[in-house]
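**Q** Here's the letter readout for the chains.
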Amino acid sequence: MDSPKIPLDLILEKLAEDAEKAKERVSKASEVLQGRLDTRLATTPYEVVYEEDRVKLKHYFRNENAENKLKVPLLVVYALINRETMLDLQPDRSVVKTFLEGGVDLYMIDWGYPKRKDRFLTINDHVNGYMNNIVDFIRERHSIPKINLMGICMGGTFCVMYSALHPQKIKNLITTVTPSSFDTDKGLLHVWMRDIDVDRLIRTFGNIPGDLMNFGFLLLNPARLMIDKYVGFLENMDNKDFVENFVRMEKWIFDSPDVPGETFRQFVEDCYQKNLLIQSKMNLGGRRVDLKNLTMPLLNFYGAYDHLVPPEACNQLTKAVGSKDVEDICFETGHIGIYVSSKIQKQFAPKIVEWLKQRDEGDIPAAKRKAANPLPKRKSPVRSAKNIAGGKQKTIRKTKNGGKIEGR
Amino acid sequence: MADEDNQKPFGESAIFPWLESVAQLWLNMVKTVPPHSSTLLKAQNAVQERFSQQLDTNLNMLKSFSKMMKPPEEKSAAVNTAGALPEIFLKIAKSGFDVAMEIQRHLWEKAGKIGQRTEAYNFENLDQEIFKAFSDVYQNELQQYFKIPPLGLTRFYQERINELLDKHNIFETTLAEFLSILYLPMEKSFKVFQEKLKEMAEKGEIPAATKENYALWLKILEGHYMNLFKSADYTEALHRMLNHLEDFLIVRNEVIQDFLTMMPVVTHKDIEDLYKEFHLLKKRVKALEKRLGISPNALDQR
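Protein chains in written order, with the numbering used here: chain A, 1 to 408; chain B, 1001 to 1302.
To be clear, the hints were calculated from the coordinates, so they are not data collected in a lab.
Backbone N, C-alpha and C define an ideal beta-carbon position, used for all residues, glycine too.
Treat the hints with caution; some may be incorrect.
Claimed, not checked - Pair by pair, the computed Cβ-Cβ distance ranges are:
#, chain 1, residue 1, chain 2, residue 2, range
1, A, Ala22, B, Asn1253, 42 to 50 Å
2, A, Thr39, B, Leu1153, 53 to 61 Å
3, B, Ala1232, A, Gln347, 38 to 46 Å
To be verified - Derived EDC-like pairs: lysine to aspartate or glutamate, alpha-carbon spacing no greater than 20 Å straight-line:
#, chain 1, residue 1, chain 2, residue 2
4, B, Lys1286, B, Asp1270
5, B, Lys1219, A, Glu235
6, A, Lys343, A, Asp183
7, B, Lys1286, A, Glu51
8, A, Lys319, A, Asp183
9, B, Lys1211, A, Asp228
10, A, Lys186, A, Glu332
11, A, Lys14, B, Glu1212
12, A, Lys115, B, Glu1212
To be verified - In silico negatives: residues of chain B with every beta carbon more than 12 Å from chain A:
#, residue
13, Glu1087
14, Ser1135
15, Arg1155
16, Phe1229
Chain B with its partners taken away, still in its complex shape (with noise of 0.2 Å):
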């Protein structure tokens, strides 16, 4: 018996015992309050009444569980599920590791491939496997999270929120892929230098002034920027890069402005609306003015 209770953080002979006393305790004391005394009738109000009924309520409730939990079969039941607790967690714990370790493992991969890449000059193809493994590691263990539709009164505002979330992450990826394809040129070029180099060193040419190599590398760098930018993964990247940064700014101004909507102040969207209508007033008001003949030289209304 002691072995088993050692066994389970929630031992079946400390706890309820120990439920059942504190209950009957707490009942007393209650108990112990006198209910209507005179000095505490013309202080007390209906809310210090209601409080004391509520205490006793939930008390008795406490005690009838506890009652409940007198016999052998519930105790054990009870206690398997507190028992099952511990072994929830460490499951959830035990796949977030799984999918970490797959997360990392993916990535080692992709990385490994790195050193791998295109060749000197061709931009086609770009092996950029390592973001497209953040992205899909992203979109299928991670994302779903932001995705759970939210409940309750504030749901509008979660949902916003882990739209956001959810946003600024992809965006932080697509930025990094089209930071890293921004780079490769100055990977190459550095590689097509240093060729460049021996080859002119095994013909005894090698420039001697600084200069010299920084503008050979400059041209080098310059060519490897120019086939990059013709290429349709560039512009791809580009795009993509572009479209979820305004996907971003776009949710981010909505947070904003939700935000700014429980202040009183005027919001962007006020202000948007308000220069669209004064934008066609002034339209109008300067068809008419030039009807009549108004110059609409602002320094001859001065």
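The following block holds chain A by itself, in its conformation from the complex (with noise of 0.2 Å):
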């Protein structure tokens, strides 16, 4: 039989240097794990303002002097997989905290942990439900008719179907890592949804259990999830701020609450499997969800190496929607990169912040509106797109009959 002929006395002599460096590691290791950790998540202080059922409405505090106040609120409405301190994991590394800095007066969904008595809940009972008494509550708590909205993962997929049946009640609209086209075989995800028989899996669990998703989540990459992931934590367990970061992220990733079985059923039979969204074939509480409805202005987030929501599953809203300001932005991430990079950190929230600006002319309270001047209608609309890599922007812009202009 064949050997390869492998300098092994060359390898061993490294292990043996690396063992070295490791018994050092482990030693300051000990001091670090058994030392005192702070991985606390979502420290950045809010009330509770409204409370319905299992869900809540967060409102975080900004600081009311600041001169840069947007005077519009935003809704930010996460998935129902997983749990929305995603946005605010650690002090240096907070999307609620950029948004605060810059002036954002921000009110977020807080999901809960759905029960068995919560199983036969329906996506329309999410949008039509208790989001659309959420935003009608910021609405009238501030006195103006729209508010903007902006979605994370499966609650991107919920705010563009509230949006396409509320239009009137949306000011600016943005999606970040959001399917809305499913009929694609580049996520395993997709692929391995159309065949799911969903009828037996309710029948068998009820609710769907967040430890079963996150088994399939794991399953995506078991090599960089569920080997490489721990050897980093190994290699830097000395280290306290890697510690308690790699501890929070942990936290976070396992803290999955079961997602409701009718609303599972639906979002995988009607997308996942008949791709209806997209088509503007989609029907929540007997009225059509139809795209062309979404008038509002529309920013499109995407991870160009997601793994889970890959970008040919977002990257058709912008092309189906009523709207004539779109923008789509695909970063060099993946599905948790844009919230927790450091990198993109620093171009992810101001973005949003700066769009949002740029829009805010002021909806003006609802009594008053009638006397007001009606806002100037915005020239020469533009699609564009923009695929931002290590800090170069590289911006693909469609002009209205569909030419393409690109530049840096």
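These two chains come separately, so use the hints to put the complex back together.
**A** This is the structure:
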């Protein structure tokens, strides 16, 4: 039998050297791991201003004396999978903090932890029920006809549905890593979901257990998520900051609420299996979700290396909506990197603040609206797609007649 | 005759006189008890009387059986039947042993192919013969026992338990198959890594640092996993495993449900029905509240 000619002595020598380093690291790591670690998540102060069933609305405190305040509040809708705490993971990597510093009046939905009693809740109950009540609450609280809406992942899909059904209540829409077109083979999730027997799954589990979904997500890339990640931890476990951030991330990743059974069923059947949303054929509460009703400005973010929601699932939205003020931004990162990567952090949240400021002409309270002059219409509407990589921005602008202007 | 006795487990000469004498002994014993003694009359109740009569009847039956067995032809017929019993047991055992050997042969045959499975980075037409063999053996040789229709008052519960065992066995097999497929990239990545190292060593480019070697292996492993996950065989195995897990969990829940209904506790199904009613009622209340302009904000109502 052929034996490989590998200089084993060299490798073994290196291994011995590494073992020595590892010994030192372990002794330092034991001090770090046994010492006081700050692994708290979501530490930015907020108050709960609305509560309905398991759903809560968080309102963050901003500096009301700051000069850069935005007039129209922003409501952030997270997915039903994992928790909204991801946007405020750690003090130096907090989308929430950047928003507040940028003068955004920030509200965020906390979907809570669905119990078995919630298994019959549908997408309609979430979108036309909880979300609509919350939007009405904020509008009433600020005496304004419209608010800004931002959705994350599945929460973004909910926001698209909501904005199409209630366009009169939404001023600007921001979607981030939001699947809207599901007919793609690029993401494994899309391939696996296509043939899944969702009926049996719900009959078996009622709600879809968070742990089961997490196991599925780990299986999407076991080499990285089940091996390399922990090898990385072992290599850095003597670094207190690294350990704290790592544990925070672990806490967030495995804090997975169950997904209400009927909501999951509809999402899989109507979106993953029939791809109804992008075709404007989806029905919620007896009403058709027509994407042409999305006439408000739309900013759409996605990750080039997103293995959960691939670019192909996100980049069809801007073409399908009725709005003429749309922008696609593709970051060179993955699904979570958009929110937690320190490099992308410097671009993502500031871009949203800037974009909102440009469109914050001030919505006048409903009562005063009649007397005010109508807002000037935007001249020469553009559709643009930006690909942001390593600080360089490649912009593809599409004019109304479909011509492309490429530039940097 | 002595030789014949030795050959037969229930020797004609020994068993029947013994049976007769036992019957006679017990009959005499019963008869020694005064049937209506004055002391007993007061204490004995109808139940005791019934017992005594029943014993009498049974012993008479034993006696007539032993008498019936007196003629030589009846004796030998009975002895032959009794003698056939070990033979029947032996036949059953032999057939079971044959099945076990067949299973083992089948599995060894398939196991021999493990090392010759698919090429690196290729996960189409996976040779998972060993699991197919397990599953074939189970379906052909064992599953039938769980399908035997149970009889009697508890047949419904026996059927459920049999179904549970059956579904559990099938799930275990598909889980093993799925885990084995999941392990394939590991197996292949080590092989490819070794080849890659050999290739690099020949060129004198072998990475000295452990980390570089690890990164190289990880990249190979990741590539293998990506190819595996895109293969139709993997998707099929995943769905098969999930379907059998669901089958097993559904039956398991039904068995638990059966046990719970015997106890003074609320069952899962009761709660589920209640939740549904509660959900529908809540929807109606919310619609009414909206019509009346009552805020759904629970904080306002505190």
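**Q** All hints are to be evaluated individually against the structure, with a verdict given for each.
**A** Against the structure, the hints:
1. A C-beta distance of roughly 47 Å is found between A:Ala22 and B:Asn1253, which places it inside the suggested range of 42 to 50 Å.
2. With their beta carbons about 58 Å apart, A:Thr39 and B:Leu1153 fall inside the hinted range of 53 to 61 Å.
3. Taking the beta carbon of each, B:Ala1232 and A:Gln347 are about 39 Å apart, inside 38 to 46 Å as hinted.
4. Proposed proximity of B:Lys1286 and B:Asp1270 is contradicted: the alpha carbons are some 24 Å apart, above 20 Å.
5. Among the hinted pairs, B:Lys1219 with A:Glu235 is consistent with the structure: their alpha-carbon atoms are about 18 Å apart, no more than 20 Å.
6. Restraint check for A:Lys343 and A:Asp183: the C-alpha separation of about 31 Å exceeds 20 Å, so the hint is violated.
7. Under the criterion of a C-alpha separation no larger than 20 Å, the hint pairing B:Lys1286 with A:Glu51 is consistent with the structure, at around 14 Å.
8. Proposed proximity of A:Lys319 and A:Asp183 is supported: the alpha carbons are some 15 Å apart, at most 20 Å.
9. With a C-alpha separation of about 11 Å, the suggested pairing of B:Lys1211 with A:Asp228 holds against the 20 Å cut-off.
10. Among the hinted pairs, A:Lys186 with A:Glu332 is consistent with the structure: their alpha-carbon atoms are about 16 Å apart, no more than 20 Å.
11. For the given pair, A:Lys14 sits about 11 Å from B:Glu1212 by alpha-carbon distance, which is consistent with the 20 Å threshold.
12. Distance check on the hinted pair: A:Lys115 and B:Glu1212 sit about 47 Å apart at the alpha-carbon level, beyond 20 Å; violated.
13. Every beta carbon of chain A lies more than 12 Å from that of B:Glu1087, the smallest distance being close to 48 Å; the non-interface claim holds.
14. Every beta carbon of chain A lies more than 12 Å from that of B:Ser1135, the smallest distance being close to 20 Å; the non-interface claim holds.
15. Non-interface call for B:Arg1155 relative to chain A: holds, since the shortest CB-CB distance, roughly 25 Å, exceeds 12 Å.
16. Remark: the non-interface label on B:Phe1229 conflicts with the geometry, its nearest Cβ contact in chain A lying 5 Å away (cut-off 12 Å).
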